[in-house]
Structures are given as structure tokens and as C-alpha cells.
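J.: Given next are the chains, with one letter for each unit.
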Amino acid sequence: MLCDVCKCNDATVFLTQILEGKMQKVNMCDACSKEKGVQDPTGFALADLLLGIGAAEEIEKGASTQKCPVCGYTQADFKKTGRLGCSTCYVTFGEGLNNLLKAMHKGTEHVGKLPQRAHRTVELNDKMRTLTESLQKAVAEENYETAASLRDQIKQLEHELASSS
Amino acid sequence: MKFSSVISTGGEWLRGEGPHHQIVISSRVRLARNLRNRSFPGWAKKAERTAILELIKPRVEELPEMQDSFSELLQDLSALEKQVLVERHLISREHAAKGVGSAVVMNRRQTLSIMVNEEDHLRMQSIRSGLQLKQAFKLVDKVDSALESKLEFAYDQRLGYLTACPTNVGTGMRASAMLHLPGLVLSELINQVIQAVSKIGLAVRGLYGEGTEAMGNLFQISNQTTLGEKEDEIISRLSKVIETIIEKEHDARQVLIQKKSNTLSDQIGRAYGVLTFAHAMTSKEALNLLSIIKLGVDLGAFPEDRRLPIDELFIDTQPAHLQKSSQQKLSAEERDHLRAQIIRDRLKVFPKPDISKLANESDNGSSFRASNNE
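Taken in order, these protein sequences are the chains called Y and C.
Under our numbering, the first residue of the first sequence carries the number 1, and numbering increases by one thereafter.
Under our numbering, the first residue of the second sequence carries the number 166, and numbering increases by one thereafter.
Same shape as in the complex, but just chain Y (with noise of 0.2 Å):
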């Protein structure tokens, strides 16, 4: 069985905890129990304690039979392994996956390398941005002339973004 924060080590540490007639069991490898500081389990409702708030709930419900279109992969799948099927798995399950990452990282957003190409697309976004804000100040300032302007370099930036994505 694999560990319920990491998905990657075999779980060694096992909670279990009724509460209001429930029963929530957390699956944990030693490093992630220590990690937690896992030593007394009491008066928590410990999964949402450990893997962030609501993810008892998606551990009851893992066995769901959501699929990825891509390339077929299930919860149920994800559950077993601790691994994804593809790149388009993080959007499938990207909701459950939310969670589980909050509790595993320091942020829940990339903030190192891009791609050339991504770093090509963040640029031509900003652009878009302010050409946006520019277009809706001159058409409220009525000055149209402008206003032509900025929306004729709105489509061909838009055509590039396209392209480059």
C-alpha cells in the first residue's frame, strides 16, 4: 500500500480514526509521518489535518471512475500507483490532485524555469493585457481613431498567440 502525502514510499504508518461514526484511515511511509510530526493522532479530524481540508473526503471517494479522455487513466488507477497516466491527468483529476499537492509542496505554483516556447506565450499575454486595457481607455475616452488602432494589433497578436501555443 502506498503513502497517502507522497504516493510514492509504502505506507508503514496506518491511522485510523472514528469519528462521529466515521472511520478515516490515513496511509503514511515513515519519513511522511515524521514529516507530519505524526505521534499522537488525537482530537483531529487527521486526514484534513495532514493532506489539507477535504481530502478525507477524496480518499473515501477515491475509487471514483472518472477517466481520463487522453489516455484512459482512472482514480481508481492513480490510487493504486501513486502515478499519473499523462500530461493531461493533472486537468482531468486536477481538482482531487489540488489538495494532495498543497500538502506535499511549498506553493501550489511554479515559479522556476519556463520553457522558451511558454516564455514566448507569458510575453505575448502581458502584451495582450495592456493593448486590452489601452483599447477599452480609448473607446471611453471616444477617441476611436486610436481605438482602430489598438484593436487591428488586438488580431494580430491574437493570431501570433495562437500560433505560438
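Hints are computed from structural coordinates only; laboratory data are not their basis.
Backbone N, C-alpha and C define an ideal beta-carbon position, used for all residues, glycine too.
Among the hints, a few may not be true.
[Stated by the list, open to error] Derived list of chain Y stretches under chain C, where covered just means 3 residues or more per stretch with a C-beta under 8 Å from a C-beta of chain C: (1) 71-81; (2) 95-101.
[Claimed, not checked] Which residues of chain C face chain Y? A partial, calculated answer using Cβ under 10 Å: (3) Arg203; (4) Ala261; (5) Asp306; (6) Cys330; (7) Thr336; (8) Ser363; (9) Arg370; (10) Leu372; (11) Leu392; (12) Ile399; (13) Ser401.
Using the hints provided, position chain C relative to the given structure of chain Y.
T.: Relative to chain Y, chain C alone:
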């Protein structure tokens, strides 16, 4: 380049150079990357895996860094050859279990090794001796940028590089250093260090990574998280922690010399005695004893020029290296016998430990520290 030349050339990181090389054996940085809209290797069917391999492998081989490289399909390597690569940390244990649809490409200097279709489509690793995480990252980052222009990697604006296991998503980077910490182990401070390190989001593991035992007082320390922090931030945070551990190790050694010099001399003497005269030795026992001899070299009980032969024994006495050098498959018993023989032969020319040198070090603590903190 043939497998036999991989074996005969030691690999640059084994030379024991680089900053803090007495304590930091090696620094490694690996990046995980995947192709867009393709199943990850663990889920892809054999045909898709092979197609992915055929897409990636030529791109890797044509890298300028991979001129005169060793490139092999996993199914064309024997179990023993794979194990040799694992013992040199050039492929992972997981990759060694792979067959059709996976490959490994590495440069002649064995500073760069790229696994195709391990857990991710690409696992690129750079390995250096001593504490050189920044330099290791620089190389692997350059290789990543070169490959990215020819292959379309799975990347998400919010989550960064997408990987098979959610623990690697974001930077896809794992930076790690292999530390030799006999001082902290002998003074029973190691658990304290391990606990402190795991509390700040770093992992401490045994010799061959995840789920392996610590042998020979060797510990791997690495970043645990990959999302929400920049690559260079992760590396400088890790380097700082490692520098603190190095300091603690030096402190522990100082205390041992000053307060427990009898125990220390006894340990070194016993290790020397057993290694010089034993006729059967498991690899675990060998590593643990060699570790003490290595400590002896660090502390001046053996001359400095004895360092390399000891470092080489760490690798040469590993099971697969042993069998490869003897050109045959051996039973565990035969291996233990051969291992003891190789060690005895190499220690023949080794002088007895000079314990008085140890005592001198304790009289002269400040210069000891300076010489070890180069």
C-alpha cells in the same frame, strides 16, 4: 563507447575532488521531463514507449555534451551491467528493472547521464564530486534548454513541468548530495541531524536513495518539494543546510578526538585489523569498516596519498563491480571471499595507523579545522 570502457574509466566524480570533498562524496542534480500528450512510461503500452524512445534518443545522442557517449537500450544490457551502473549512480534502481522501450545515454566522463523512459520520459542527471550542486545544475539546465528546442515538453502555466509522480511536478528537479558522516554517527548525533533536516522539507536517505539503508555512514540529502520554489533557491537552501552539516561533522570529529580518543583509536585499529586479515566480508561490513579508515585518513592516522585507494574500494567492493572484475557470476559466499581478498591485497602496502598523529591533531585544533574547511 563500449561498456568495457565505462568500467575501466573510473568516472570523474569518483576521483574525490571538489570543495569539501572529504565529507561530500558527490553532488547530483536531476531534471524530470515528459513529452506533451503522450502517456507516461509507466502507463504507455510497449509500442508507444518504443515510439517515444525513438523520438527522444537521437535528440539526446546529438547533444554536443554527448559526443563519444555510451548509449544503450536497457534490453541489451545484462543484469550485471545494469547493476554496475546502479552502483555508480548512473542509473536508478528503478531504471535497472526496465527492459524494452528504455535506454540510457551517458558521456565519457560520466558526469552526465540521461535515462529515457524511466518513471518519466526523460530523467537528466549531472553528477560532480564534492559539493558542486550549482555546477551540476548548470550542466543539466543547459542540456534541458537544448532538448526543449527540439522536443515539446509537457508544461503547464500554473504547475510547471508535468511529471508522472505529483511529488516531482513544478521544477522536476531533485538536487542531492552524498555525505560521509562517521563523526556524527559515532557520537550518536546523527538522528538529531536527520530529524532537523526532515523538518525543513529536505529528505535524508541511504546509499542508493529512496527506501535504502544507510551503510558506510553515507547519507544522501535532497530537496523534498519541487513546486513553489525556484531552482536556484532550492539549490542554495540545500547547499546552506549541507554546509551546516559539514560544520557539525567537523565539530563532532573534534569532540571525538578530544574526549574519546581511545574509542576513536580503537575503532580505527579494529577496522584496519579486520580489513587487513579477514577472509570473508559482506559488502555492508566492508563499507562500514572502509568508512572508519576513510575517517582515519581525514584525521591524519594514514598518509594523505592513501585516500584514493580507499575511495576506490568503496565502489570496487560493491557486488556487481566485484563480479564484473572477476568476469563471472559468483555466489554470495564466493563474493564475500573475493571481496576480502581484494581488500587484503590493496591494504598490503598500507602503513599501520599512526595514532600519535591523531593526538597531535587534538593539540592543534585550529589548524585541523582550517585544513578541512578548504
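J.: Each hint should be assessed against the structure and marked as holding or not.
T.: Status of the hints after comparison with the structure:
Beta-carbon proximity to chain C at under 8 Å applies to 4 residues in the segment 71-81 of chain Y; the threshold of 3 is reached and the given coverage holds. Closer than 8 Å: that is the beta-carbon criterion, and the segment 95-101 of chain Y has 3 residues meeting it against chain C, so the requirement of 3 holds. The beta carbon of C:Arg203 is positioned within 10 Å of a beta carbon in chain Y (closest approach about 6 Å), and the interface hint is therefore held. The interface hint given for C:Ala261 is violated, since its Cβ lies 18 Å from the closest Cβ of chain Y, which is over the 10 Å cut-off.
This hint holds: C:Asp306 has a C-beta 7 Å from the nearest C-beta of chain Y, less than the 10 Å allowed. With a cut of 10 Å, the hint placing C:Cys330 at the interface with chain Y holds, because the nearest CB-to-CB distance is about 5 Å. With a least beta-carbon distance of about 4 Å to chain Y, the hint placing C:Thr336 at the interface is held under the 10 Å criterion. For C:Ser363, the shortest C-beta to C-beta distance to chain Y is roughly 5 Å, which falls under 10 Å, so the interface hint holds.
A cut of 10 Å between beta carbons decides the hint on C:Arg370: the least distance to chain Y is about 9 Å, and the hint holds. The restraint placing C:Leu372 at the interface with chain Y is violated, with a minimum CB-CB distance near 16 Å, outside the 10 Å limit. Below 10 Å, beta-carbon pairs count as interface contacts, and C:Leu392 has one with chain Y at about 4 Å; its hint therefore holds. Below 10 Å, beta-carbon pairs count as interface contacts, and C:Ile399 has one with chain Y at about 8 Å; its hint therefore holds.
A least Cβ separation of about 13 Å between C:Ser401 and chain Y goes past the 10 Å threshold, and the interface hint is therefore violated.
Violated hints for the displayed structure, listed by number in ascending order: 4, 10 and 13.
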